[in-house]
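Asks: Numbering-wise (this note's numbering), the sequence shown opens with residue 35 and increments by one.
Keep in mind that the hints were calculated from the coordinates and are not lab data. Among the clues, some could well be false.
Each computed SDA-like pair below joins lysine to any residue, with the alpha-carbon atoms no more than 25 Å apart [claimed, not checked]:
1. 84 x 123
2. 152 x 129
3. 152 x 111
4. 84 x 113
Label pairs and their calculated CB-CB ranges [as the list claims (entries may be wrong)]:
5. 157 x 88: 27 to 35 Å
6. 96 x 158: 16 to 24 Å
7. 145 x 115: 18 to 26 Å
8. 63 x 88: 35 to 43 Å
9. 158 x 58: 35 to 43 Å
10. 86 x 145: 33 to 41 Å
11. 157 x 58: 34 to 42 Å
12. 96 x 145: 27 to 35 Å
13. 53 x 95: 26 to 34 Å
14. 62 x 158: 17 to 25 Å
15. 115 x 59: 27 to 35 Å
16. 85 x 146: 29 to 37 Å
17. 145 x 61: 14 to 22 Å
In this text, a Cβ means the ideal position worked out from N, Cα and C, and glycines have one as well.
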Amino acid sequence: MFSSNKKKGPQVAVDRFSSLLSGNLALVGDLEFEEGLKVQGRIQGNVRHKPGTQSLLALGAEGRIEGCVSSYDALIDGTIVGDLYVEHLLELHSNARVIGNIHYRQLSMENGASVDGKLTRLDEQRPLELPAPASHRARAEAEEAEPA
């Protein structure tokens with residue numbers, strides 16, 4: 035009746051990491067990457083993959099990104115405050131917290147993960163359309179200028 039041989043959905047190969055932002059580092063500004071990026075620290079700015087690459091973003095449980103995020107594949111176990119665009123497969127692990135809209139093709143979500151935003155499944159035939167990049171500083175200044 036209960037089998038330990040459960041079928042798992044698609045999984046991401048985690049052997050593509052070429053860059054690491056460790057837990058004791060914080061980055062302010064936008065970042066573009068290709069191949070793999072593992073984030074255990076904090077980023078205040080947009081994180082974008084190089085278009086046309088099969089990039090992998092892994093956000094550790096202590097990691098935090100405040101800005102728009104895009105990747106081909108993404109493994110999220112930390113916090114994202116901003117919209118998330120994933121071309122292929124998105125895995126939201128149990129500690130994942132996303133405050134923003136998510137655009138994805140395939141989604142795997144563990145119990146405990148939370149999303150405060152809209153989930154939009156992308157059409158398989160259409161390429162991912164990212165919004166024009168806005169700098170983190172410009173967004174912060176615009177938010178401060180808005181009347182309360």
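Asks: Hint by hint, say whether it matches the structure.
Replies: Going down the list of hints, with the structure as the test:
1. Of the pairs offered as hints, the one joining residue 84 and residue 123 holds, with about 16 Å between alpha carbons and a cut-off of 25 Å not exceeded.
2. At most 25 Å may separate the alpha-carbon atoms for a hinted pair to count; residue 152 and residue 129 meet this at roughly 19 Å.
3. Proximity of residue 152 to residue 111 is assessed by CA-CA distance (about 18 Å); at most 25 Å being required, the pair is judged to hold.
4. Pair hint residue 84 plus residue 113 holds up; C-alpha atoms about 22 Å apart against a cutoff of 25 Å.
5. For residue 157 paired with residue 88, a C-beta distance near 19 Å fails the hint of 27 to 35 Å.
6. Look at residue 96 against residue 158: about 34 Å separates their beta carbons, and that is not inside 16 to 24 Å.
7. A C-beta distance of roughly 22 Å is found between residue 145 and residue 115, which places it inside the suggested range of 18 to 26 Å.
8. A hinted range of 35 to 43 Å is violated for the C-beta pair residue 63 and residue 88, which are about 25 Å apart.
9. Between residue 158 and residue 58 the beta carbons are some 40 Å apart, a value that agrees with the proposed interval 35 to 43 Å.
10. Remark: the range hint 33 to 41 Å for residue 86 to residue 145 is upheld by a beta-carbon distance near 35 Å.
11. The beta-carbon spacing between residue 157 and residue 58, approximately 41 Å, falls within the hinted interval of 34 to 42 Å.
12. The given range of 27 to 35 Å is broken by residue 96 and residue 145, whose C-beta atoms sit roughly 20 Å from each other.
13. Between residue 53 and residue 95, the C-beta spacing of about 19 Å breaks the proposed range 26 to 34 Å.
14. For the hinted restraint 17 to 25 Å between residue 62 and residue 158, the CB-CB distance of approximately 36 Å leaves it violated.
15. Taking 27 to 35 Å as the suggested C-beta distance range, the pair residue 115 and residue 59 does not conform, at roughly 18 Å.
16. Range check, residue 85 to residue 146: Cβ separation about 32 Å, and the 29 to 37 Å hint holds.
17. Roughly 31 Å separates the CB atoms of residue 145 and residue 61, a value that falls outside the hinted 14 to 22 Å.
In this structure, the earlier hints numbered 5, 6, 8, 12, 13, 14, 15 and 17 are contradicted, and the remaining ones agree with it.
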